[in-house]
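K.L.:
Chain order of the listed sequences is A and B. Take the first sequence: its letters are residues 1 to 913, numbered as in this note's numbering. Take the second sequence: its letters are residues 914 to 1017, numbered as in this note's numbering.
If you are wondering where the hints come from, they were derived from the structure by calculation, not from laboratory data. The C-beta atom is built at its ideal place from N, Cα and C for all residues, glycine as well. This list has only true hints and no planted wrong ones.
Calculated from the model, a selection of chain A residues having no Cβ within reach of chain B, i.e. all distances over 10 Å:
{"no.": "1", "residue": "Asp-111"}
{"no.": "2", "residue": "Tyr-206"}
{"no.": "3", "residue": "Glu-315"}
{"no.": "4", "residue": "Lys-338"}
{"no.": "5", "residue": "Gly-340"}
{"no.": "6", "residue": "Asn-347"}
{"no.": "7", "residue": "Lys-488"}
{"no.": "8", "residue": "Pro-496"}
{"no.": "9", "residue": "Gln-541"}
{"no.": "10", "residue": "Ser-774"}
No farther apart than 20 Å at their CA atoms in a straight line, the calculated lysine-lysine pairs in the PhoX-like style are these:
{"no.": "11", "chain 1": "A", "residue 1": "Lys-729", "chain 2": "A", "residue 2": "Lys-703"}
{"no.": "12", "chain 1": "B", "residue 1": "Lys-1015", "chain 2": "A", "residue 2": "Lys-95"}
{"no.": "13", "chain 1": "A", "residue 1": "Lys-109", "chain 2": "B", "residue 2": "Lys-1015"}
{"no.": "14", "chain 1": "A", "residue 1": "Lys-106", "chain 2": "B", "residue 2": "Lys-1015"}
{"no.": "15", "chain 1": "B", "residue 1": "Lys-939", "chain 2": "B", "residue 2": "Lys-970"}
{"no.": "16", "chain 1": "A", "residue 1": "Lys-113", "chain 2": "B", "residue 2": "Lys-1015"}
{"no.": "17", "chain 1": "A", "residue 1": "Lys-663", "chain 2": "A", "residue 2": "Lys-653"}
{"no.": "18", "chain 1": "A", "residue 1": "Lys-112", "chain 2": "B", "residue 2": "Lys-1015"}
{"no.": "19", "chain 1": "A", "residue 1": "Lys-754", "chain 2": "A", "residue 2": "Lys-289"}
{"no.": "20", "chain 1": "A", "residue 1": "Lys-869", "chain 2": "B", "residue 2": "Lys-970"}
{"no.": "21", "chain 1": "A", "residue 1": "Lys-363", "chain 2": "A", "residue 2": "Lys-289"}
{"no.": "22", "chain 1": "A", "residue 1": "Lys-653", "chain 2": "A", "residue 2": "Lys-610"}
{"no.": "23", "chain 1": "A", "residue 1": "Lys-284", "chain 2": "A", "residue 2": "Lys-363"}
Among the chain B residues that face chain A by a calculated CB cut under 10 Å, a handful are:
{"no.": "24", "residue": "Gly-918"}
{"no.": "25", "residue": "Thr-923"}
{"no.": "26", "residue": "Leu-953"}
{"no.": "27", "residue": "Glu-965"}
{"no.": "28", "residue": "Lys-970"}
{"no.": "29", "residue": "Ala-974"}
{"no.": "30", "residue": "Ala-981"}
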Amino acid sequence: MQLSRREFIKSSIAASTAGVVGLPVSRLAAAAAAELEKDWKWDKAVCRFCGTGCGIQIATHQGRIVATKGDPDAPVNRGLNCIKGYFNGKIMYGKDRLTQPLMRLKDGKFDKKGQFVPVTWEQAFDEMERQFRKTYAAQGPNGVAMFGSGQWTIHEGYAMNKLFKAGFRSNNLDPNARNCMASAVAAFYSVFGTDEPAGNYDDIEYTDTMVLWGANMAEMHPILWSRITDRRLAHANCRVVNLTTFRNMSSDIADLEIVFKPNTDLAIQNYIAREIIARDAVNKPFVEKNCVFATGPYDIGYGMRATDKYAYPAEKDTQAKEVKVKLDKWEAIAQRRKEGDVVEQKNTADPARHWMISFEDFKQGVEPYTLDFVAELAKGDPDESLDIFKNKLRQLADLYIDPKRKVVSFWTMGFNQHQRGTWVNEQCYMNHLLLGKQSMPGNGAFSLTGQPSACGTAREVGTFSHRLPADRLIPNPQHRAETEGYWKIPAKTLNPKVGSFYAKILRDLEDGSVKWAWVQVNNPWHTHPNANHWIRAAREQDNFIIVSEAYPGISAKVADLILPSAMIYEKWGGYGNAERRTQQWRQQVPPPGQARGDLWQTLEFAKRFKLKDFWGAQKVPGLKADGFADNTLPDVMADAQKLGYSPEDSLYKALFATPENLKVKWPDAVAKGHDNHIATLLGDGWFPEKAFWIEYQQFGKGKGKDLADFDVYHADKVRGLKWPVVNGKEVAWRFNEQYDPYVTKGAGIEFYGKLFKAIPTGNLDGVTDPAPKSLAGKAKIFFRPYAAPAEQPDASYNLWLCTGRVLEHWHSGTMTRRVPELHRAVPAAVMWIHPTDAEARGLKRNDLVWIESRRGKVKVRVETGGRNKMVKGTVYVPFFDEGVFINRVTLDTTCPISKESDYKKCAVKVYKA
Amino acid sequence: MNISGISVSTRPEWVESVAQSLSAIKGVEVHAADVRAGKLVVTLEAPTVSAEVEGFKRIRALPHVVAADLVQHYFEEDGEIIHAIPDDLDTLEGVSVPDALKDH
Chain A
1 MQLSRREFIK SSIAASTAGV VGLPVSRLAA AAAAELEKDW KWDKAVCRFC GTGCGIQIAT
61 HQGRIVATKG DPDAPVNRGL NCIKGYFNGK IMYGKDRLTQ PLMRLKDGKF DKKGQFVPVT
121 WEQAFDEMER QFRKTYAAQG PNGVAMFGSG QWTIHEGYAM NKLFKAGFRS NNLDPNARNC
181 MASAVAAFYS VFGTDEPAGN YDDIEYTDTM VLWGANMAEM HPILWSRITD RRLAHANCRV
241 VNLTTFRNMS SDIADLEIVF KPNTDLAIQN YIAREIIARD AVNKPFVEKN CVFATGPYDI
301 GYGMRATDKY AYPAEKDTQA KEVKVKLDKW EAIAQRRKEG DVVEQKNTAD PARHWMISFE
361 DFKQGVEPYT LDFVAELAKG DPDESLDIFK NKLRQLADLY IDPKRKVVSF WTMGFNQHQR
421 GTWVNEQCYM NHLLLGKQSM PGNGAFSLTG QPSACGTARE VGTFSHRLPA DRLIPNPQHR
481 AETEGYWKIP AKTLNPKVGS FYAKILRDLE DGSVKWAWVQ VNNPWHTHPN ANHWIRAARE
541 QDNFIIVSEA YPGISAKVAD LILPSAMIYE KWGGYGNAER RTQQWRQQVP PPGQARGDLW
601 QTLEFAKRFK LKDFWGAQKV PGLKADGFAD NTLPDVMADA QKLGYSPEDS LYKALFATPE
661 NLKVKWPDAV AKGHDNHIAT LLGDGWFPEK AFWIEYQQFG KGKGKDLADF DVYHADKVRG
721 LKWPVVNGKE VAWRFNEQYD PYVTKGAGIE FYGKLFKAIP TGNLDGVTDP APKSLAGKAK
781 IFFRPYAAPA EQPDASYNLW LCTGRVLEHW HSGTMTRRVP ELHRAVPAAV MWIHPTDAEA
841 RGLKRNDLVW IESRRGKVKV RVETGGRNKM VKGTVYVPFF DEGVFINRVT LDTTCPISKE
901 SDYKKCAVKV YKA
Chain B
914 MNISGISVST RPEWVESVAQ SLSAIKGVEV HAADVRAGKL VVTLEAPTVS AEVEGFKRIR
974 ALPHVVAADL VQHYFEEDGE IIHAIPDDLD TLEGVSVPDA LKDH
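With the hints as extra help, turn the sequences into a complete structure.
P.N.:
This is how it looks when you write it as structure tokens:
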């Protein structure tokens, strides 16, 4: 009986699978599928994991998820799922799921040195509020902070952004997405004047050349990888290039594999640009009509603290590079300076400033990047001959330049988590723009993302310390005024001072300038580099840390208060993926125990405060802006009263349950019988997710960021829509008249982004005419030089360490590692090392070793084979495993422009444990 | 019981050989193959989640397999996971603090 049922289920699943793949299904198997699923309720949803944004179908039965499948109608994944997708239905049911608020108590009272004890929501909010008021009274808006997330739903991010910026008047809210794609954003802003890619995933099927720069897509974006391998196998002329610092799974199908040294991607791209010019292959009509040339300062530091006050003794020599850099031979040539020159880093305060230059200047900038120079600098595998490497670089340039070829460049963390992340992103556009291969089907530089809503929530909603919704910026008075208008709050409520970025919030906790911090949907103490500092700051300083979590990870462990969160399908939500596709889903199952959606937590906390607590004058040290008294936010209460507010109004009433929003009623027919635990718990008859959507839609309307109505995303036939959605139609390729209604009629291509489109003029060495000159409608082609990594292997720390993900685990593993058997059975993270490097240290496979940097050390097992083939001199350790807490070892340098951390390069030593 | 439906891709000339190596993996059954498209449809059955993941990794690591993608996952009878969460969690008494959160 058991066996036959099993066979029955198998043939049913085989039938569904064959249907997706396009193979014929037998009538018997189809009947089995129908019988098995007869009591199930299927609904569409989005995968919880990476930035690809695969559609999935979820089957529920009696309040539980019983099956999931790739959504055959989803254009992203066409019915397929990767192994992480397999966990979507399981992650909610782990053994140590948090289901009750937990607080550190001693003798029944909060105590930082106490043990976690279950408490009620009421007790949790009471202490949270008490601690918040204490800090806010002493330190004002600068003293509190929020670690947000690229895994927040759009609605959650929107609400918290509003609570912090409009309610608390604090811009100390920054997402973990800072460490994932801030460099991509900075380059989108500087090059195009608007965030997010021009193209979409269909570029894969339109192109004949795909170049992967620091993106191991075979492991990190498997579904897109399937589309790439399908394209490659079906088209003999198609070529795939994998640029990487060690041999990985993406090399398996690559026609060309280029292994380079860390940071030398900067030089390789300039080599390609130099070749484009030398071969007279610049697409002159495209460049003259659509582009200008630009550059900026080189001496911008490495995003570390300017002082060594907090550095451990061993760290001081690396930290010193923030102040002064002695040029090595390569940097000297690359930057047209002298070897050994000591360069003071004078532009750390404003590293993003840039100016227009001439084509002749640009040409002079890339002139040193000859094949000989770049090959010698960049060759990453000591066992490869220089001639072979040169030949590979030449082939790469050939592929880009061939006028008959379409080219798509893909990248993720290799570019973004980079001490010159913004530069290297800009360089990728540089080559596509020089060739005119941009914003057309099958042609374009395509920045992929790592998190499911890094685009949809972090970027589009603007949950960063310097952003507001839909490409608006905190320092821009007009953008603040527009936001205050949409939010119906008094002028000058918003704080004009940019808040602390992610790394800085951690540094603020260390030096005591932030004393109250809340974390939602991310795990800062596990995932931020140089973790020993931040763990000590959290546990040993006088501060209060709240972590909203579903499972106990490292951040929950260092917290003072843990709030149990509802997980993805236990709430309504929406994500935006890497191709501008916005997708929404309904609550499928109820959250367990006392777990509650993050949105509910935010709204309940807002009920505890009144307008008079924040909208009076506030001290903000360092605030300096037109129309504001120095160091002060004005009292806006009188203006608020004119708008109909009372000082006694709660933030919940003033910002969220507004008269307009209360008109958006729950229950709503769009739910089709699905519940909404947040609307039910609030109990005042409104539908917060839908109300926030309507509010949020206003920000992008008519601004190139138009979104469709809430119900449209929930319609049966819709599988997400790529914004801007204009007159009900999505936009496939931005900036291209054929597809994008925002382009002026007859313009063909128009880079209409509005930010940073008036800049000074100068040459490679600096500004010559400070008067801003307009470049409306155009993109910038940047010259950016090679810069050496801040820390490189030396006699004491003689190996490079690179970190990242592995296929079957995701980020810090708090979800994928909680499925009980998996937690036990999957081996802990290993360190991949070249067999010769292992042998030289007397090590063999499976040996336990210490891996140690200037900052810390962890124990890990040696792996000399398997999926990653290291080059001599480099080791790789994934970061998912809290048992191999590799971020104790990593270096917290950032791209100085984007403030995104570089996890890909620091110096370590390895020895037997 | 965990059962997954998986689509496996290979070059057309390897379909037959990949089908043979797939069948040799414990818990794997080949249900359909299309030589021209280089696609195979298999099911993978495993008693635990980790065995399921291991089996999937083994499929992916087979010679000539260029991609393996999951299509459907069924886990109705995965009682250990589904029932790991106690039914009554609304009172503080039912809650235990996970070991990971205890200071040792």
